[in-house]
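Protein chains in written order, with our numbering: chain C, 1 to 334; chain S, 1 to 334.
For the record, the hints were derived by calculation from the structure and aren't laboratory data. Keep in mind that a hint or two might mislead.
Given that identical chains are not distinguished, each listed pair holds provided it fits within a single copy or across any two copies.
[Claimed, not checked] The calculated EDC-like cross-link candidates involving lysine to aspartate or glutamate, where the alpha carbons are at most 20 Å apart (straight line), are: (1) Lys-289 / Asp-212; (2) Lys-162 / Asp-28; (3) Lys-298 / Glu-288; (4) Lys-23 / Glu-138.
Protein chains: 2
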Amino acid sequence: MVFEDSVGLVKEELDAVEAALRKNFMSDVVMIPEISRYLSEGGGKRIRPLLLLTASKLCGYHNGDRPINISCVVEFIHSATLLHDDVVDEAHIRRGKASSNVKWGNEASVLVGDYLFSKSFQLVAQDNDFRILATISEASRRLIEGEVLQLTQRRSIFTTEKEYFDMVRRKTAALIASSCQAGAIIGKAPEETESALFRYGDQIGMAFQLIDDLLDYISEEEKLGKPARNDLREGHITLPLIRLLARAGEKEKKMIKGIVSSDEGIMDGAAKVLDLMEKYAVVEYTIEKAREFVREGKKEIAGLPPSIYLDSLFAIADYVVEKRVESCLKGASL
Amino acid sequence: MVFEDSVGLVKEELDAVEAALRKNFMSDVVMIPEISRYLSEGGGKRIRPLLLLTASKLCGYHNGDRPINISCVVEFIHSATLLHDDVVDEAHIRRGKASSNVKWGNEASVLVGDYLFSKSFQLVAQDNDFRILATISEASRRLIEGEVLQLTQRRSIFTTEKEYFDMVRRKTAALIASSCQAGAIIGKAPEETESALFRYGDQIGMAFQLIDDLLDYISEEEKLGKPARNDLREGHITLPLIRLLARAGEKEKKMIKGIVSSDEGIMDGAAKVLDLMEKYAVVEYTIEKAREFVREGKKEIAGLPPSIYLDSLFAIADYVVEKRVESCLKGASL
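Bound-form chain C, shown alone:
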């Protein structure tokens, strides 16, 4: 089974999620649906709904709207943080379009992010299951902690792999893990299954962010839908750079430090950093780390009863690293 099959397996539900997203950002306050629609049309892979829907079916839930509603919740929380991220990063492009802070201003991005956040909790309230509220609100809190950690680690070249992994675990893996767990809760899975799915999501989420951070270095703007080498520009210290700093000589380190601490004339610097990354096989290292997370993630669910939905989760796990890297490196030297 490949990723496209995973999507096809819950195609109807994913379409229902799109419709529910549109319905739920309706408001009599005109600016809100306008910005939300803009965000929503930007698309994105809907990886969180895909995992949630698949997990709920794996656990035997087939008839009902709960996974669709909770998919809206996680997607709204994710969108809210993207909006706020763009304000924090002063981004100009997101998913191939002008980012909303540029189009409507920082004020609107902050407030519409808040709106999506509060709306998501209203949807949880309507779902009426405290275990869902518990996992989603815990994931949200950890996600924000991850964002704050990212801010405090900015331009700090002393950031360790361990600190980076801790940040990623909160910023990205928490909500993905919680999406998987929510599917299990809705499917009334036994506790071991629920926690296995949570841990699977956690590992997949780690791999997902590692590849995101790698693609920021090795991909081009038209493929990313956002400016490449953005992390270097913004001073986000991610795994490729951490690895490079660990391997580089003193002189090289000094040069990298200079590039990271400045936020101007970065493009010359980026080329130098990419050369050094090739020299020290940083891309291979990052991919291997991501693969480790995927392997661990698969192990977490390996003991579950065989089913087409389990196969689907394996296919999604492979997609997260292999397919994304492949599509990016097609025709390239690696």
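Assemble chain S onto chain C, guided by the hints.
Chain S alone, transformed into the frame defined by chain C:
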């Protein structure tokens, strides 16, 4: 009974709220407790916890922490919106201190606001009562809608009283009404009592914001704890200005329009606006409108059984308009 007695009546619980606020913004992510503490020390009147605690006692709840925990929730939501407001307004002073966006940057203000918001929902999850989640999440959504309305009405001199009241009802009254309702829910009050307390809070909340908006014109920085005439500078069209525009002659209107649409050299303009407000008795008009809301608010709870807590709610209602205006106008001509 006067306002100080109202505070005294739940003094122990208010102290417990302060302690719980401090406890709940603890995080292993260093920046979070730092900013939260800074915010928390800024104080504020804790009017929402005061109302929630009083309402819960009125409804017979005396032993237990639930009103204290839910007071943290509403206070965190309120603080989160203050943080985000400061980013939206590019504020420099809040509660007599440098606002957090100046001290830590917009990024940190956005993220710590998000943190408080997500933490508040985690506290609701721990409280484990879906009726509380429903009222709080509905209030949050309406609050943000109010903020968005405020943004879209900015510098629009065609804003009507009706539009302004609608904005205030969402931005301020919703969370105050919900605080009163939450107290009633915790106290397991009958439905009529619960909805009477909600409507009382709604009216009091309206009056509260009207006086806030009036004080912005007639008070001085040292009394407000933030710059006076800020709304004029930021282009927020509030009741005093709406009333003035309704009464002013064509020539005066044109001048006011010029002042509102510019965001520079506002201080000369402010003096002119204040003169016109005196000419057209705008202060008296605004106070009278606020008093109407207070009268309606008192009517909503007039049928409840007499008790010291009911007296307290009446005293709080009086404080919201009379005491705040009085303390501000002491020694002034009005």
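We went through each hint and held it up to the structure:
1. Taking the closest pair of Cα atoms, Lys-289 and Asp-212 come within 20 Å of each other only inside a single copy of the chain (13 Å); across copies the shortest separation is 55 Å, beyond that limit.
2. For a Cα distance limit of 20 Å, the shortest separation of Lys-162 from Asp-28 across copies, 15 Å, qualifies, whereas the shortest one inside one copy, 46 Å, does not.
3. With identical chains, the CA atoms of Lys-298 and Glu-288 are at most 20 Å apart within one copy only, with a shortest distance of 15 Å there and 68 Å across copies.
4. In this homomeric assembly, Lys-23 and Glu-138 come within 20 Å of each other (Cα to Cα) only across copies, at 17 Å, whereas the closest approach inside a single copy is 26 Å.
Going down the numbered hints, you'll see the structure goes against none, and every one checks out.
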